[in-house]
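*Asks:* So the sequences go chain by chain: A and B. All residue numbers for the first sequence refer to our numbering, where the first residue is 1 and numbers rise by one. All residue numbers for the second sequence refer to our numbering, where the first residue is 317 and numbers rise by one.
There could be a bad hint or two in this list.
[What the hints assert, rightly or not] Below 30 Å or equal to it, Euclidean Cα-Cα: the simulated DSSO-like pairs (lysine-lysine) are:
{"no.": "1", "chain 1": "A", "residue 1": "Lys-22", "chain 2": "B", "residue 2": "Lys-511"}
{"no.": "2", "chain 1": "B", "residue 1": "Lys-511", "chain 2": "A", "residue 2": "Lys-120"}
{"no.": "3", "chain 1": "A", "residue 1": "Lys-263", "chain 2": "A", "residue 2": "Lys-172"}
{"no.": "4", "chain 1": "B", "residue 1": "Lys-606", "chain 2": "A", "residue 2": "Lys-114"}
{"no.": "5", "chain 1": "A", "residue 1": "Lys-117", "chain 2": "B", "residue 2": "Lys-431"}
{"no.": "6", "chain 1": "A", "residue 1": "Lys-119", "chain 2": "B", "residue 2": "Lys-511"}
{"no.": "7", "chain 1": "A", "residue 1": "Lys-230", "chain 2": "A", "residue 2": "Lys-119"}
{"no.": "8", "chain 1": "B", "residue 1": "Lys-368", "chain 2": "A", "residue 2": "Lys-22"}
{"no.": "9", "chain 1": "B", "residue 1": "Lys-606", "chain 2": "A", "residue 2": "Lys-119"}
{"no.": "10", "chain 1": "A", "residue 1": "Lys-120", "chain 2": "B", "residue 2": "Lys-606"}
{"no.": "11", "chain 1": "A", "residue 1": "Lys-230", "chain 2": "B", "residue 2": "Lys-610"}
{"no.": "12", "chain 1": "A", "residue 1": "Lys-230", "chain 2": "A", "residue 2": "Lys-114"}
{"no.": "13", "chain 1": "B", "residue 1": "Lys-610", "chain 2": "A", "residue 2": "Lys-120"}
{"no.": "14", "chain 1": "A", "residue 1": "Lys-22", "chain 2": "B", "residue 2": "Lys-518"}
{"no.": "15", "chain 1": "B", "residue 1": "Lys-431", "chain 2": "A", "residue 2": "Lys-230"}
{"no.": "16", "chain 1": "A", "residue 1": "Lys-114", "chain 2": "B", "residue 2": "Lys-610"}
[Said to hold, decoys possible] Computed beta-carbon distance windows for the label pairs:
{"no.": "17", "chain 1": "B", "residue 1": "Pro-519", "chain 2": "A", "residue 2": "Leu-237", "range": "48 to 58 Å"}
{"no.": "18", "chain 1": "A", "residue 1": "Gly-201", "chain 2": "B", "residue 2": "Phe-435", "range": "41 to 51 Å"}
{"no.": "19", "chain 1": "A", "residue 1": "Leu-237", "chain 2": "B", "residue 2": "Trp-357", "range": "26 to 36 Å"}
{"no.": "20", "chain 1": "B", "residue 1": "Arg-335", "chain 2": "A", "residue 2": "Ile-309", "range": "38 to 48 Å"}
{"no.": "21", "chain 1": "A", "residue 1": "Leu-237", "chain 2": "B", "residue 2": "Phe-441", "range": "44 to 54 Å"}
[What the hints assert, rightly or not] Chain B residues, not near chain A, derived (Cβ > 10 Å throughout):
{"no.": "22", "residue": "Asp-334"}
{"no.": "23", "residue": "Asp-366"}
{"no.": "24", "residue": "Gln-395"}
{"no.": "25", "residue": "Phe-446"}
{"no.": "26", "residue": "Glu-496"}
{"no.": "27", "residue": "Pro-515"}
{"no.": "28", "residue": "Lys-545"}
{"no.": "29", "residue": "Met-548"}
For the record, the hints were derived by calculation from the structure and aren't laboratory data. Where a beta carbon is used, it is the ideal one built from N, C-alpha and C, also for glycine.
Now for the letters of each chain:
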Amino acid sequence: MKNVAITGKKNWYNKLLLEMKKNYLLYLMILPGILYIIIFRYIPMYGLTIAFKDYKITSSISNAPWIGFANFIDLFKRNAFQRAFCNNIIISFSKLIFGFPAPIILALLINEVKRSKLKKLVQTAVILPNFISWIVIYGLMTAIFSPNTGIMASLASLIGYRGEVVNLLTNKDTFREVITISYIWQAAGIGTIVYLAAISGIDTEQYEAAALDGAGRWRQMWHITLANLKPTIITLLIFRVGGIMNAGFDQIFAISNDIVISKADIISTYVYRLGLEQRKFGIATAAGFLESMIGLVLVLITNQIARVIDRDSAIM
Amino acid sequence: MRTKSKQKVWKKKKTIGDRISSGFIGIILTIIVIITIYPFWHVLMYSLSDSKASMGGGIFLYPRDFSILSYQLLFQTEQIFVAFGNTLFKTIFGTALSVILTALTAYPLSLPRFKGRGFFSMMIFFTMLFSGGMIPTYLLVKELGLIDNYLVYILPGAMSAYDMFILRNFFQSLPPSLEESAFLDGANAFQIFYKIILPLSKPVLAAVTMFYGIGNWNSYMDGVLYVNKSDMQLLQVYLRQLITAAGGKGALGDLSNLGSAAALTEDTMKMTVIAVSVIPVLIVYPFLQKYYTKGVLVGSVKG
Numbered sequence: 001m002k003n004v005a006i007t008g009k010k011n012w013y014n015k016l017l018l019e020m021k022k023n024y025l026l027y028l029m030i031l032p033g034i035l036y037i038i039i040f041r042y043i044p045m046y047g048l049t050i051a052f053k054d055y056k057i058t059s060s061i062s063n064a065p066w067i068g069f070a071n072f073i074d075l076f077k078r079n080a081f082q083r084a085f086c087n088n089i090i091i092s093f094s095k096l097i098f099g100f101p102a103p104i105i106l107a108l109l110i111n112e113v114k115r116s117k118l119k120k121l122v123q124t125a126v127i128l129p130n131f132i133s134w135i136v137i138y139g140l141m142t143a144i145f146s147p148n149t150g151i152m153a154s155l156a157s158l159i160g161y162r163g164e165v166v167n168l169l170t171n172k173d174t175f176r177e178v179i180t181i182s183y184i185w186q187a188a189g190i191g192t193i194v195y196l197a198a199i200s201g202i203d204t205e206q207y208e209a210a211a212l213d214g215a216g217r218w219r220q221m222w223h224i225t226l227a228n229l230k231p232t233i234i235t236l237l238i239f240r241v242g243g244i245m246n247a248g249f250d251q252i253f254a255i256s257n258d259i260v261i262s263k264a265d266i267i268s269t270y271v272y273r274l275g276l277e278q279r280k281f282g283i284a285t286a287a288g289f290l291e292s293m294i295g296l297v298l299v300l301i302t303n304q305i306a307r308v309i310d311r312d313s314a315i316m
Numbered sequence: 317m318r319t320k321s322k323q324k325v326w327k328k329k330k331t332i333g334d335r336i337s338s339g340f341i342g343i344i345l346t347i348i349v350i351i352t353i354y355p356f357w358h359v360l361m362y363s364l365s366d367s368k369a370s371m372g373g374g375i376f377l378y379p380r381d382f383s384i385l386s387y388q389l390l391f392q393t394e395q396i397f398v399a400f401g402n403t404l405f406k407t408i409f410g411t412a413l414s415v416i417l418t419a420l421t422a423y424p425l426s427l428p429r430f431k432g433r434g435f436f437s438m439m440i441f442f443t444m445l446f447s448g449g450m451i452p453t454y455l456l457v458k459e460l461g462l463i464d465n466y467l468v469y470i471l472p473g474a475m476s477a478y479d480m481f482i483l484r485n486f487f488q489s490l491p492p493s494l495e496e497s498a499f500l501d502g503a504n505a506f507q508i509f510y511k512i513i514l515p516l517s518k519p520v521l522a523a524v525t526m527f528y529g530i531g532n533w534n535s536y537m538d539g540v541l542y543v544n545k546s547d548m549q550l551l552q553v554y555l556r557q558l559i560t561a562a563g564g565k566g567a568l569g570d571l572s573n574l575g576s577a578a579a580l581t582e583d584t585m586k587m588t589v590i591a592v593s594v595i596p597v598l599i600v601y602p603f604l605q606k607y608y609t610k611g612v613l614v615g616s617v618k619g
């Protein structure tokens, strides 16, 4: 019995060696990529251990003493973290609620356009914001919201409004709305393309049959187009819900400022300030760790739910 | 005969409701196009206007008192060229390295005969779900001595798992007989990859190249997190500095001693800076959009 196990193991080892010899070129090709993944993706995961350590920049990660959950306890006591956590959830949810349906609606509308020139124009226009950085978008936003010369102020005076125009970029009461709307402006186009492609794959016979049955345009849109989009919608929804902890670091880092920080600070921007500006690496990593963990759990849960609803739309 | 009349009735019915809803949809979409395009147009036209004429603001459908003074001034500063050069470096070399690395990784993973394919795929997929995050990555980069090193612009973000899976999925969709027959002809794995697979994958490679290229051109955080030297500054970082600084003109610093600077307002200067960073993207956009769309679509098919 024992002997068999050993030879079995040896066989397995020999087989692997033989396989690697035979296909050594393939292994050579994949080597740099795997090294990259290990160094730049997995080593930082090991670095997460400093969330449980008393880490100083002068010592190495492995030498730092373990301190259990002290960093987390310190973190939870900080008002700024509680604020960032709440903001994170509020901003993510409003992006999900208002941002998720936007490309679906846009795709349905574009699909109704029969003139291909207008169709092409709209498609080309809506993806454009996807090509520019949040810094540039911030620049465009200053051009829009500037209280003296901005587009908003000009429009207001065009319709006869003579009062003071608020600069929305420095108004904390409406800043979350600014975040959500600018997010939709930037991101809706790319989702629209995905949905339009899914729509173009729908069998036209379904529409013909529905038309013969007397279904009008809106009913066709609802019962055929939208019904056929269901798997795509569910898959994209999983990704979005799974990524709910990601409230948009690049965007908020680029467009927020000290005046609106109480409404705009999210976990990742907080991690940046705490870790890289105040050099509190342990506590900042604890916050980052929490964010990553919750994100992972959410993806796994939403994926499980998707499996139950519709097996094909699960991502794993 | 009966079906014909039925169709006619239905067609007629369609036209009545159709006109209204078509018009309605057309108006909404036109507004959306204007909201998307106008900010760009506004910035371009504003930057090309004379400062005195544009001072009052308003809607800019064309430049008022056409002037390129602000551009002349901006291009007299050295830093804009330094920042442009750094971003160009990152875009060219970073993108080249990324595409090569990604394709080399994706190919073996697309082959059913490649042992360890499941393991390696899983290993890479997991990085899409969980990551070490900002601080541990920063500490690693520091430990590797990459702070203020040009390699930091190309190494840490060299491969995106998402783009890798896009390529792998595409390679998988190619007929396996191609690979098999080349194999029987005595070609080795690398030759098959280089001479058969890559040429067949041009559109997807173009899309992935573009994802990386656009990402590099727009990248900002690498320049904030890992770089302190001003001669290594990225364009986006410089841009943000100019936009947020007390005034574009203030940050341009040495410009104040140029006599003509007085004729320019801060706003014009800011618009010019934004325009300069957007113009390259606007120029390449119409050519790249097709591939971009394609890439997004290949990516949205799961595998």
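*Asks:* Compare the structure with each hint and give your call.
*Replies:* How the hints compare with the structure:
no. : hint                               : verdict
1   : A:Lys-22 to B:Lys-511              : holds, 20 Å
2   : B:Lys-511 to A:Lys-120             : violated, 36 Å
3   : A:Lys-263 to A:Lys-172             : holds, 6 Å
4   : B:Lys-606 to A:Lys-114             : holds, 20 Å
5   : A:Lys-117 to B:Lys-431             : violated, 49 Å
6   : A:Lys-119 to B:Lys-511             : violated, 38 Å
7   : A:Lys-230 to A:Lys-119             : holds, 23 Å
8   : B:Lys-368 to A:Lys-22              : violated, 74 Å
9   : B:Lys-606 to A:Lys-119             : holds, 14 Å
10  : A:Lys-120 to B:Lys-606             : holds, 11 Å
11  : A:Lys-230 to B:Lys-610             : holds, 22 Å
12  : A:Lys-230 to A:Lys-114             : holds, 23 Å
13  : B:Lys-610 to A:Lys-120             : holds, 15 Å
14  : A:Lys-22 to B:Lys-518              : holds, 29 Å
15  : B:Lys-431 to A:Lys-230             : violated, 36 Å
16  : A:Lys-114 to B:Lys-610             : holds, 22 Å
17  : B:Pro-519 to A:Leu-237: 48 to 58 Å : violated, 29 Å
18  : A:Gly-201 to B:Phe-435: 41 to 51 Å : violated, 33 Å
19  : A:Leu-237 to B:Trp-357: 26 to 36 Å : holds, 35 Å
20  : B:Arg-335 to A:Ile-309: 38 to 48 Å : holds, 39 Å
21  : A:Leu-237 to B:Phe-441: 44 to 54 Å : violated, 19 Å
22  : Asp-334                            : violated, 7 Å
23  : Asp-366                            : holds, 14 Å
24  : Gln-395                            : holds, 16 Å
25  : Phe-446                            : violated, 5 Å
26  : Glu-496                            : holds, 14 Å
27  : Pro-515                            : holds, 17 Å
28  : Lys-545                            : holds, 17 Å
29  : Met-548                            : holds, 17 Å
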